[in-house]
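Going down the list, the sequences are from chains B and P.
Sequential numbering of the first sequence, starting at 1, is according to the numbering used here.
Sequential numbering of the second sequence, starting at 1001, is according to the numbering used here.
Rather than coming from a laboratory, the hints here were simulated on the basis of the structure.
Treat the hints loosely; a few may be bogus.
Pairwise CB distance ranges, derived in the manner of DEER restraints [as the list claims (entries may be wrong)]:
{"hint": "1", "chain 1": "P", "residue 1": "Tyr1048", "chain 2": "B", "residue 2": "Arg53", "range": "18 to 26 Å"}
{"hint": "2", "chain 1": "P", "residue 1": "His1091", "chain 2": "B", "residue 2": "Tyr85", "range": "54 to 62 Å"}
{"hint": "3", "chain 1": "B", "residue 1": "His34", "chain 2": "P", "residue 2": "Glu1055", "range": "31 to 39 Å"}
{"hint": "4", "chain 1": "B", "residue 1": "Gln82", "chain 2": "P", "residue 2": "Ile1018", "range": "46 to 54 Å"}
{"hint": "5", "chain 1": "B", "residue 1": "Arg143", "chain 2": "P", "residue 2": "Val1073", "range": "33 to 41 Å"}
{"hint": "6", "chain 1": "P", "residue 1": "Arg1045", "chain 2": "B", "residue 2": "His34", "range": "26 to 34 Å"}
{"hint": "7", "chain 1": "B", "residue 1": "Gly121", "chain 2": "P", "residue 2": "Tyr1048", "range": "49 to 57 Å"}
{"hint": "8", "chain 1": "P", "residue 1": "Gln1029", "chain 2": "B", "residue 2": "Lys147", "range": "42 to 50 Å"}
{"hint": "9", "chain 1": "P", "residue 1": "His1091", "chain 2": "B", "residue 2": "Phe144", "range": "19 to 27 Å"}
{"hint": "10", "chain 1": "P", "residue 1": "Ile1018", "chain 2": "B", "residue 2": "Arg143", "range": "33 to 41 Å"}
{"hint": "11", "chain 1": "B", "residue 1": "Cys71", "chain 2": "P", "residue 2": "Gly1036", "range": "12 to 20 Å"}
{"hint": "12", "chain 1": "P", "residue 1": "Tyr1067", "chain 2": "B", "residue 2": "Cys71", "range": "34 to 42 Å"}
{"hint": "13", "chain 1": "P", "residue 1": "Gly1068", "chain 2": "B", "residue 2": "Pro36", "range": "44 to 52 Å"}
Remember, it's a predicted structure, so these values are computed and weren't measured experimentally.
Heads up, the beta-carbon is just placed ideally off N, CA and C, and yes, glycines get one too.
Chain by chain, the residues:
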Amino acid sequence: MMVVATAREIKDGEVVLIGVGLPLVAAFLAKRTHAPNAILLSEIGVVDARPKRLPFAVTDPCLIPGAAMACSLYDVFGFILQGGYVDVGFLGAAQVDKYGNINTTVIGDYFKPKVYLSGSGGANDIASLAKRTVIVMRQGKKRFVEKVDYITSPGHLTGYSSREKQA
Amino acid sequence: MTRKLLGNLNRTVFPGFIVDAVIELPFGQHPWHKEGYYDMDLEFRNMYAKMEEREETLRKFFDEWVYGVEDHVAYLNKLGFERLWRLKAKHAYCYPVNYGY
Chain B
1 MMVVATAREI KDGEVVLIGV GLPLVAAFLA KRTHAPNAIL LSEIGVVDAR PKRLPFAVTD
61 PCLIPGAAMA CSLYDVFGFI LQGGYVDVGF LGAAQVDKYG NINTTVIGDY FKPKVYLSGS
121 GGANDIASLA KRTVIVMRQG KKRFVEKVDY ITSPGHLTGY SSREKQA
Chain P
1001 MTRKLLGNLN RTVFPGFIVD AVIELPFGQH PWHKEGYYDM DLEFRNMYAK MEEREETLRK
1061 FFDEWVYGVE DHVAYLNKLG FERLWRLKAK HAYCYPVNYG Y
């Protein structure tokens, strides 16, 4: 269900930056249904991936044949993402607050954390620079907080407008 | 007049003066993929991921797949022809590049 809801977030013709896991499946679904002209980017450097089977991960070799370009992580985050060309990016989150700020760094105090999480990866770049960000996560009382323990990737910080999020 | 067929120099990973030896190792990256040669072995990777979680199962994996095989050929024989044939890459060539001027 989350996959379908996520897939619906992709509009036809959009440039989509897909991360690992569920967004990968959702992007595959979207491209095969309502968004055949969507351009799928993988963060490791595949541009306009057209996989013939469901990719296992962003490193799956099925993403290469048919793709428009095989560049690098620096290119995707550099001239493509920073160039403002990415319409929508998908991110996961351990915690999210009411302004869409994402925490994937620590649970608890930064200097004495209860739990160490995986960190930003490319998430901060994507949250900051994609035209639209969709957060895909399983919701829960402990995950949807008033204020995140650490802002790994910025949402609207302390601003007003709402942000779309999937649960 | 002889003509030399060029390799695609955009695909060169290391120049020759860095290389000490070249070893032919079919399916050398198993269970990972190698473009143009073989697909990834998802079944094997999932099996390893499960066994990697605890020390006793990881030891079992090493005993069976690392210490238990004499050499690379024995490892490939253990995987078996059917599996390797299934992993063998199909064709997806791109057009040749003209480096002429």
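Right, here's what the structure says about each hint:
1. P:Tyr1048 x B:Arg53: 18 to 26 Å: 21 Å, holds
2. P:His1091 x B:Tyr85: 54 to 62 Å: 32 Å, violated
3. B:His34 x P:Glu1055: 31 to 39 Å: 48 Å, violated
4. B:Gln82 x P:Ile1018: 46 to 54 Å: 32 Å, violated
5. B:Arg143 x P:Val1073: 33 to 41 Å: 51 Å, violated
6. P:Arg1045 x B:His34: 26 to 34 Å: 32 Å, holds
7. B:Gly121 x P:Tyr1048: 49 to 57 Å: Since Gly121 (chain B) and Tyr1048 (chain P) have Cβ atoms about 23 Å apart, the given range 49 to 57 Å is violated.
8. P:Gln1029 x B:Lys147: 42 to 50 Å: 46 Å, holds
9. P:His1091 x B:Phe144: 19 to 27 Å: Given a distance of about 49 Å, which is not inside 19 to 27 Å, the answer is violated.
10. P:Ile1018 x B:Arg143: 33 to 41 Å: 49 Å, violated
11. B:Cys71 x P:Gly1036: 12 to 20 Å: 19 Å, holds
12. P:Tyr1067 x B:Cys71: 34 to 42 Å: 41 Å, holds
13. P:Gly1068 x B:Pro36: 44 to 52 Å: 49 Å, holds
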